[in-house]
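**Q** Throw the hints in and build the complete structure from the sequences for me.
Protein sequence lines, in the order shown, are assigned to chains A and B. By this note's numbering, the letter at position 251 of the first sequence is numbered 251, and the numbering carries on one by one without gaps. By this note's numbering, the letter at position 107 of the second sequence is numbered 107, and the numbering carries on one by one without gaps.
Hints are supplied without guarantee of correctness; some may be wrong.
[Unchecked claim] Label-pair restraints from in silico Cβ distances:
id, chain 1, residue 1, chain 2, residue 2, range
1, A, 103, B, 168, 16 to 26 Å
2, A, 35, B, 33, 29 to 39 Å
3, A, 216, B, 181, 49 to 59 Å
4, A, 57, B, 165, 12 to 22 Å
It is worth saying that the hints were derived from the structure and are not from the lab. Glycine is no exception: its CB is placed at the ideal position from the N, C-alpha and C atoms.
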Amino acid sequence: MSGDKLSTRRSRGLTFKLKLALFVRSLSLQASWNHERMQNLGLLTVMLPWARTQRRNLNQDRVFCRRYYEFFNTNPYLANFVIGGLVRLEEDRAAARDNGATLSPGTTTMFRDSLGRAFASLGDQLFWLGIRPAMAMAICLLGLHGQMLAVLGLVGIFAVGQLILRWRSLDRGYRLGFDLVDVLQHRHWHRGIAIAERSGMVLTGMTAGTYLAMVTRPGVPVHDGLLWFGILAGLGLPMILRRRLPGEMLILVALGLALLLGFAVFVSGG
Amino acid sequence: MDFVAAWGTLSAAPLAIMAWVPAADPTWTSILLLGMLAGLLCLDDTALAQTWFSQPLPVGVLTGAFCGDPLAGLAIGLPVQLILAGNLPVGQSFTGDHVTSLVAIVGAVVLSGRDLGLALGARTLGEIPFVGWMVLAVGLFSSAGHFMIQLERRAHSVWMLEGHRTLRDGRLGRIEQIHARCLFTTFLRGFVTTVIMLLLIRRLWIPAFDHLPNLVLGALGMLPLLLPGLGIGNLIDRYGVRSSWPWLVSGTAISYLVTRFVL
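**A** If you want it as structure tokens, here you go:
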């Protein structure tokens with residue numbers, strides 16, 4: 001592809017057909033996650049529609065697969081920035097080859113690893129530690145008020161939002177290429193993380209307040225002493241343990257605590 | 001002779017399982033449909049799209065609605081959502097498998113005809129020990145399901161190594177086949193695990209509730225009351241008390257006053 005054709009195509013962005021194929025496959029990036037190389041198989045599967053648009057050559061296909069069969073891991077919601085950038089890099093490589101030049105194989109590795117890691121860190125902060133706990137508390141709050149449709153509606157809004165983000169970031173990554181570094185430096189990521197975390201804190205407080213109001217209102221037959229002991233033990237235990245136990249373990253810890261409380265009530269003749 | 005005996009035992013196993021499932025409660029159709037729902041939600045949890053419909057509360061509500069009683073899904077899903085809010089389904093961390101256990105448990109409860117009042121905020125404690133018994137089942141079965149997830153990931157590793165052949169022969173279709181196989185395995189894991197759990201819960205776990213001693217029933221009654229505190233405490237610990245207390249306290253005060261005096 002000549003330089004002019006390439007720059008014209010860049011300004012138009014990815015073709016709809018290729019973009020759709022990349023987008024659909026990118027949704028299953030984590031499907032073949034493995035302990036050794038994490039998302040490598042997923043990334044290669046996403047990149048194959050692009051490889052199929054090129055003139056087929058056995059040797060080039062093998063080298064292409066080798067480039068993407070190495071370790072890769074990033075955040076699934078932001079992965080399409082990297083994928084878009086990688087498609088652009090592959091186009092550059094193909095254009096250079098057509099003109100008799102070569103692009104170093106290390107370029108792809110460097111781009112994929114450095115940007116993959118940066119987006120992984122950003123995505124973990126924003127989605128896993130920011131939005132997800134906030135969303136969990138928001139749906140708990142709605143659940144405490146018995147709003148089942150609102151629970152599903154809120155999750156639906158997130159689902160549509162993240163799909164739009166994935167769709168748009170594919171083009172953004174393609175247009176920017178190496179300039180994706182500028183996207184990473186943008187202040188709105190850190191502002192977003194801070195907002196998500198604070199929202200999570202407020203929603204956690206609101207869930208706690210609603211729960212307290214519900215179990216302490218007149219007519220709820222819960223023994224006051226037991227209730228307050230249970231709440232304080234529940235709130236204090238994770239801080240005393242100084243370890244973040246998985247929820248499944250916490251259920252067993254709670255059962256042990258409840259058995260102890262039950263035994264204490266039984267012994268005291270309550 | 002040994003081979004004949006082993007074959008006899010193996011062929012008797014499916015018949016024994018079929019005999020275990022009565023015609024009406026739960027029916028094969030409902031078991032299979034719930035298995036498929038769990039398979040789809042398992043795909044959503046870690047493999048496909050990750051829309052968060054596979055979080056405990058939506059799973060509970062969806063399964064309940066699927067079986068005709070979303071309130072039962074809410075009653076079981078809510079304490080589980082609170083306690084699992086700190087679990088992250090990323091990489092090598094412990095994930096558990098709440099999806100299959102919740103679909104199986106909510107499905108089994110609704111299909112058994114139990115009418116669960118909303119445990120939190122209810123004016124009667126009648127069903128709370130039963131909700132506690134079910135939440136305990138979610139914890140145990142979810143931990144067991146974690147090993148199935150690890151097994152599946154080991155299979156992914158083996159298949160990934162199989163893909164090395166493409167690096168030699170350049171057959172791109174093999175990579176897509178392996179990836180599709182991984183997707184199907186996730187669906188199958190969800191389906192099979194849920195069907196097995198559903199049968200265990202309906203045949204053993206739910207009937208066992210009627211034979212529990214009073215001390216255990218009392219403890220189970222306290223479980224759904226303790227879990228929100230533990231779940232919220234876990235999240236506060238994650239945020240850090242020093243940095244989060246003004247936000248937490250203001251949120252608590254506002255919602256307490258609104259719930260108590262306005263709603």
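**Q** All the hints need checking, so say for each whether the structure fits it.
**A** Now for the hints, and whether the structure bears them out:
The beta-carbon spacing between residue 103(A) and residue 168(B), approximately 23 Å, falls within the hinted interval of 16 to 26 Å. In this structure, residue 35(A) and residue 33(B) meet the distance hint of 29 to 39 Å, their C-beta atoms being roughly 33 Å apart. Taking the beta carbon of each, residue 216(A) and residue 181(B) are about 53 Å apart, inside 49 to 59 Å as hinted. For residue 57(A) and residue 165(B), the Cβ-Cβ distance of about 18 Å falls inside the hinted range of 12 to 22 Å, so the restraint holds.
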